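Undergrad: Sequence:
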Amino acid sequence: MQHTDPRPGDELLVRPIGHVRGGRDVVEDDDWQSVTARIELDGGVVNPDATDGLESFSHVEVVYVFDRVDPGSVCTGARHPRGREDWPRVGILAQRAKDRPNRIGVTVCDLVRVEDGALVVAGLDAVDGTPVLDVKPYLTGFAPRGEVREPAWATELMQGYW
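In terms of our numbering, the sequence shown opens at residue 34 and continues consecutively.
In case anyone wonders, no lab produced these hints; they're calculated from the structure.
It should be emphasised that the depicted structure is a prediction, and the values quoted were computed from it without experimental measurement.
Here a beta-carbon is modelled for each residue, glycine too, at the ideal position from N, C-alpha and C.
The reader is advised that the hints may include incorrect statements.
[Claimed, not checked] No more than 20 Å apart at the CA atoms, straight line, and that leaves these computed lysine to aspartate or glutamate pairs for EDC-like:
(1) 169 with 58
(2) 169 with 64
(3) 131 with 167
(4) 169 with 148
(5) 131 with 94
(6) 131 with 189
(7) 131 with 103
(8) 169 with 88
(9) 169 with 103
(10) 131 with 58
[Unchecked claim] Beta-carbon label-pair distances, calculated as ranges:
(11) 112 with 79: 35 to 45 Å
(12) 127 with 150: 17 to 27 Å
(13) 175 with 112: 23 to 33 Å
(14) 153 with 64: 17 to 27 Å
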């Protein structure tokens with residue numbers, strides 16, 4: 034196990050561990066489950082053995098940066114999801130939109146296979162070139178405990194997303 038203690042001032046240092054390759058070139062809102070892409074890992078950030086054992090999992094949680102979002106379009110307040118006036122105006126923290134304050138995305142996707150220095154995934158809603166900050170195995174123990182509640186507009190928004 035390799036571990037590096039943070040240096041003073043590095044506590045918030047976040048850098049990509051890799052990048053999305055393939056899949057879509059253009060940001061679109063729907064039909065992401067049909068998209069297969071590779072996450073090519075940066076050997077200068079993670080060691081080759083960082084993925085050991087990951088192939089035992091069916092899904093991974095990918096944390097990435099919406100790097101194509103114009104910082105000027107970032108929403109820090111409330112708006113209508115997808116600009117739809119027929120859905121309620123809600124705060125950006127009540128949405129999973131890409132133009133959020135830190136432009137961070139999180140998606141649980143299928144782990145198709147682990148390759149040398151890369152992961153092949155399906156259903157990752159990130160485009161070619163997207164910086165990947167972290168990959169975690171999806172554990173049911175971290176899934177919601179108890180009933181999940183969400184408003185009707187959120188259910189409607191997700192129709193066709195996957």
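Undergrad: For every hint, state whether the structure bears it out.
TA: Do the hints match the structure? See the list:
Between residue 169 and residue 58 the CA atoms are separated by roughly 24 Å; this puts the pair beyond 20 Å, and the hint is violated. With a C-alpha separation of about 23 Å, the suggested pair residue 169 and residue 64 falls outside the 20 Å cut-off, and the hint is violated. Only pairs whose Cα atoms come within 20 Å are accepted, and residue 131 paired with residue 167 is accepted, the gap being roughly 17 Å. Our distance criterion of 20 Å between C-alpha atoms is met by residue 169 and residue 148, whose separation comes to about 16 Å.
Straight-line distance between C-alpha atoms of residue 131 and residue 94 comes to about 17 Å, which keeps the hinted pair within the 20 Å bound. Among the hinted pairs, residue 131 with residue 189 is consistent with the structure: their alpha-carbon atoms are about 18 Å apart, no more than 20 Å. Under the criterion of a C-alpha separation no larger than 20 Å, the hint pairing residue 131 with residue 103 is consistent with the structure, at around 10 Å. Straight-line distance between C-alpha atoms of residue 169 and residue 88 comes to about 12 Å, which keeps the hinted pair within the 20 Å bound.
Taken as a hint, the residue 169 and residue 103 pair is broken in the structure, with Cα atoms around 27 Å apart against an allowance of 20 Å. Note on residue 131 and residue 58: the hinted pairing holds, with a Cα-Cα distance of about 16 Å set against a maximum of 20 Å. The hint said 35 to 45 Å for the Cβ distance between residue 112 and residue 79, and at roughly 36 Å that hint holds. The hinted range of 17 to 27 Å is not satisfied by residue 127 and residue 150, whose Cβ atoms lie roughly 38 Å apart.
At roughly 29 Å, the beta-carbon separation of residue 175 and residue 112 lies within the given 23 to 33 Å, and the hint holds. Remark: the range hint 17 to 27 Å for residue 153 to residue 64 is upheld by a beta-carbon distance near 19 Å.
Hint compliance for this structure: hints 1, 2, 9, 12 are broken, all remaining hints hold.
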